[in-house]
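> Sequence:
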Amino acid sequence: MSQNRRDFLRRSAATLGAASAFAALPAAIRTALAVPAYNRTRSIADVQHIVILMQENRSFDHYFGVLRGVRGFGDRFPIPLESGKPVWHQSDGTREILPFHADRKTMDALLMGAVPHSLPDAQAAWGQGRLDQWPLYKTASAMSYYKRDEAPFQYALAEAFTICDAYHCSVQTGTDPNRIVFWSGSNFDPKRREQGLDSDHATAEAVNLRCWITGTHPTPGYAYRGSALTWPTIPDVLQAAGVSWRIYQDPNDNWTGAMHGCLAFDSFRSAAPGSPIAANGMSHWSLDDLKKDVIAGTLPAVSWVLPSRLQSEHPSGPSSSAHGGDFTHQVLAALTADPDSWSKTAFFITFDENDGFFDHVPPPAIPSLNRDGTPAGKSTVDTSGMYYADPGVDYQDELSGKAYPMLDPRDTVTGARRPWGMGPRVPMYVVSPWSRGGWVCSQVFDHTSVGRFIEQRFGVTIPAITPWARAVSGDLTAAFDFVDPNDQALPALPDMGNYAEIEAASKLLPKVAAPDTPQPLYQETGTRPSRALPYELHVNAHVAADGRVTLAFINTGTQGAVFHVYDKLHLDRIPRRYTVEAGKRLEDGWDADAGRYDLWVYGPNGFVRSFAGTVAAAGPEVEIAYDAVEAAIVAAVRNDGAAGVELRVTANAYASRDQGTLTVAPGATASRRWSLADSASWYDLTIAADGFERRFAGRLETGRPSVSDPAMARHLAS
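Numbering-wise, the sequence shown is residues 6 to 723 according to this note's numbering.
The set of hints was computed from the structure by calculation and includes no laboratory data. Virtual Cβ for every residue (Gly too), placed ideally from N, Cα, C.
Listed below are the simulated DSS-like cross-link pairs for lysine-lysine, each with C-alpha atoms no more than 30 angstroms apart in a straight line: (1) Lys196 / Lys589; (2) Lys110 / Lys516; (3) Lys383 / Lys90; (4) Lys573 / Lys589.
Here are the in silico distance ranges between beta carbons for each label pair: (5) Ala647 / Thr530: 45 to 53 angstroms; (6) Leu574 / Arg415: 19 to 27 angstroms; (7) Ala656 / Asp255: 52 to 60 angstroms; (8) Asp683 / Asp593: 33 to 41 angstroms; (9) Arg719 / Ala509: 35 to 43 angstroms; (10) Gln53 / Thr417: 51 to 59 angstroms; (11) Ala537 / Ala301: 34 to 42 angstroms; (12) Asp399 / Asp683: 56 to 64 angstroms; (13) Arg415 / Asp377: 18 to 26 angstroms; (14) Asp377 / Lys196: 27 to 35 angstroms; (15) Pro414 / Lys589: 35 to 43 angstroms; (16) Ala408 / Asp255: 29 to 37 angstroms; (17) Gly231 / Ala509: 36 to 44 angstroms.
Please put together the full structure from these sequences, using the hints given.
Spelled out as structure tokens, the structure:
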């Protein structure tokens, strides 16, 4: 062992508290945390191996809504429901059911049953962005969540490496469509999209169909359901480019094919015995084989690991967070069998979809359609061909064999034509020597992001990824520190090898049920280190004397973004969504209601703007400018009115000595500057006068790492 390696292990042990504590960790985790990152080029080129594990059916709020330093139940800006209450107050049609703790000490929390999770209920619960009746369509259990005691391994992974709190599944539906996106870049035919044609049941995967097989492989062979999809999968792209790849799986214990998104495609279904597709993507490759490849130095450039049904973490699998944690530990043990190989490996762990579990963050998506067919919003990206329109087809459930309509007949907020993706947030852990230290990365990602990371590393192009996804969803490089990765704090991870004992104890307890009295919302207070993000967003307002309120959405950052606009005077309407690519802008207008307006705008990572007031008070207006070099914001005020105005300035969440009032003469301008050095670049200001109110909140991006929102969950603890 080199002197540098001995020094690194010694420093790691000290970080954990003592050498004895470090030595007590499971060997695989000890190695994963201790091995320094390969750092020859200080770039993504240092990644020699990408390994991907997709587990089953957990939402971000269900697993991590209480974790400190992420956008969870302590979110200070929850979207409003039609009732005017925050999004937590979900209804089952009879009563309100708020998020509640599925406590492993008092209920069968670890082996709880699944809740509905297919296209009809997912579309209905989403409500095209209204998110107002989740338990009505998903059952009350959908509002349950875990704390550390229910998912200790998962929480420890987040504390040890990097958690992404804005990673969404790609489609508002179930397993197959999302896994097909994950393995190919799209769940609907790219050629139809390029022609501007909507997709239907024959040309897209809307519900679970094409990945579910019967029979055994290789003999007598799989029997497939549904027509084969024909666009190239990511393995096809890699094979054509000469990039090595493999899928580690038991082809006869992969939940009858459901874990394998490539089984929907003709290139896999028709693969000849002995061909690269058959050998690497259809054959039996165990975790022992994975470990042998790591030790032998033959680990492919890109690998996928498929769980069995019992290892998948799927509720009613029957799997559990404990069993899934143990399986993840086994994969990590194989990957860390050779420290040199691990020093060059990026390991992504995510979930295909949310099952039916609640998540409070509105997913980015192209505009939904109002009942009259007009779009509720706009996009600088062409969105033609990105809608699904096939309501008359029933689908057959893969387990029960029963036929169901594609859309729930109660889901009437919009018509039959529906936009694809994104869906609710799901967990994503970035586990690698370049991502240690308990970070959060809050850039918007989805299942296309893993493919984008592969593109960035190996110079390939995955043609099915839509221009919209490329504009809005990141490539996951922001979750890594390739420049200086080897000086991180290293916490411990628990061993979940006793999962069977844990599950047996859970079976003895009552089934999960929502409490009769809603529980108070809870999230751990505190911050965690946060990666720099590519966002620089602006929303400016103009109020005309004729009662027209115009918002300008401006993106001066390097990543596209979706703005969600909720009209608080008309919360029965579909919220509008605006996709604005980097370097572009959009404008749209609202008519004041009896001279009043109240518009709330939500963007990524806590970006919020609100514009409220009366047309009679038109005159003053405020725009926010950013000084990324000095970590400051500037409020520029102009007064187009005929009289002077005195504006009240209030800091809502972070200490600021510069509050009070700001007086602006008619026809004049004024400005005020705030340093954000004491709030880790976070801000939350209200500037108001009689009949006029503007609120500005978010984080100023400086290009440097920061911390998560210091005010997150503080109001819950008071």
